[in-house]
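Novice: Each chain, written out:
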Amino acid sequence: MKKFFIFIINLYQKIPVKSHYYCVFIPTCSEYTKQAIIKYGVFKGIFKGIFRFFRCHPWQKNKYDPLK
Amino acid sequence: MTYIWNTLFYKPIFNALVFIVSNVTLGNVALAIIILTILVKIILSPLTKKSIKSQILIKKMEPELKQIKKDYSDKNEQAKKTFELYKKYGTNPFSGCLIVLIQMPIIFALYTVFYKSLSLDQGMIYSFIKIPESINTVFLGFIELHNKSIILALLAGITQFIQGYLTSPIKSKIEIVKEKDNSEKDFQEQFSNSMQMNIKYILPIFITIVAYRISAAVSLYWVVNNLYTIVQEWYIRRKVNK
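Quick note, the sequences are listed as chains C and Z, same order. The first sequence begins at 1 in the working numbering and counts up one residue at a time. The second sequence begins at 1 in the working numbering and counts up one residue at a time.
One or more of the hints may lead you astray.
Said to hold, decoys possible - Simulated crosslink set (DSS-like; lysine-lysine; CA at most 30 Å straight-line):
no. : chain 1 : residue 1 : chain 2 : residue 2
1   : C       : Lys2      : Z       : Lys69
2   : Z       : Lys242    : Z       : Lys88
3   : Z       : Lys242    : C       : Lys48
4   : Z       : Lys11     : C       : Lys3
5   : C       : Lys14     : Z       : Lys81
6   : Z       : Lys87     : Z       : Lys75
Hints in this document: simulated from the structure, not taken from any laboratory.
Produce the entire structure from the sequences given, and follow the hints as far as they go.
Specialist: Shown next, in the form of structure tokens:
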């Protein structure tokens with residue numbers, strides 16, 4: 001299960017889609033979610049990823065946001 | 001849910017299509033599809049322009065980004081230097097992953113309109129929109145939009161390939177060779193790497209097949225959409241490189 005989601009994220013990170021250039025954060029939302037899944041497990045990890053995603057907007061000031 | 005979707009996204013775009021058919025193109029549906037697609041893309045262009053620009057700039061500063069990763073091992077320091085670099089190149093993107101999310105329903109509604117409603121569902125039309133008296137669904141005199149069209153489907157695939165070719169990040173050859181040398185990688189990583197190499201070819205073929213199976217109308221939408229993206233990409237690239 002864990003492996004599967006990480007695989008999906010890895011795949012997403014490799015394919016050339018425009019959305020890679022939208023993310024304002026370091027690390028990127030997908031990287032963040034990947035780390036979160038590894039650290040906290042699938043459910044909490046994805047949950048944290050979604051919250052991160054909603055923080056990723058043009059008015060975000062704090063752009064360095066590592067996983068805690 | 002369906003109701004919200006219909007009133008917010010589907011109906012406005014569908015009515016725009018009907019309006020263009022009855023008032024601008026005088027019954028010609030193909031021309032209306034082209035006009036509406038370009039119109040929607042122009043409306044969304046302030047959102048997409050920034051991403052294309054930052055994509056080009058990130059490509060440009062790639063060597064410096066790598067240098068930063070080499071020079072600073074501390075993650076905090078790395079991030080700080082990277083932001084400084086962004087500032088230097090002037091990427092101040094009006095951006096964020098949420099921007100992608102906003103565009104999606106609009107694009108999806110546009111697609112659905114072409115997908116299912118070449119038949120005029122009169123209940124969907126606003127009262128102030130004139131219903132076209134006669135509609136002509138033949139494109140260029142020989143492509144019937146309701147039917148399948150191998151020519152338009154192939155064109156959709158070809159333009160998709162060109163678009164993918166233009167937008168995919170250029171990997172230095174050294175990097176690719178390095179990846180091949182590394183034989184310790186597990187299956188997953190190998191798979192996603194080969195996916196990256198081949199997606200350029202897989203996606204156009206996939207789109208050709210899907211476009212053919214749905215209808216000429218959707219194929220036409222795809223062709224116009226891809227052509228617009230190609231021109232936009234080319235134009236912004238020229239502007240940035242000046």
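Novice: Could you run down the list of hints and mark each one as holding or not?
Specialist: Here is how each hint holds up against the structure:
| no. | hint | result |
| --- | --- | --- |
| 1 | Lys2/C with Lys69/Z | holds (28 Å) |
| 2 | Lys242/Z with Lys88/Z | holds (17 Å) |
| 3 | Lys242/Z with Lys48/C | violated (41 Å) |
| 4 | Lys11/Z with Lys3/C | violated (41 Å) |
| 5 | Lys14/C with Lys81/Z | holds (24 Å) |
| 6 | Lys87/Z with Lys75/Z | holds (19 Å) |
In the structure shown, a violation is registered for the earlier hints numbered 3 and 4, in ascending order.
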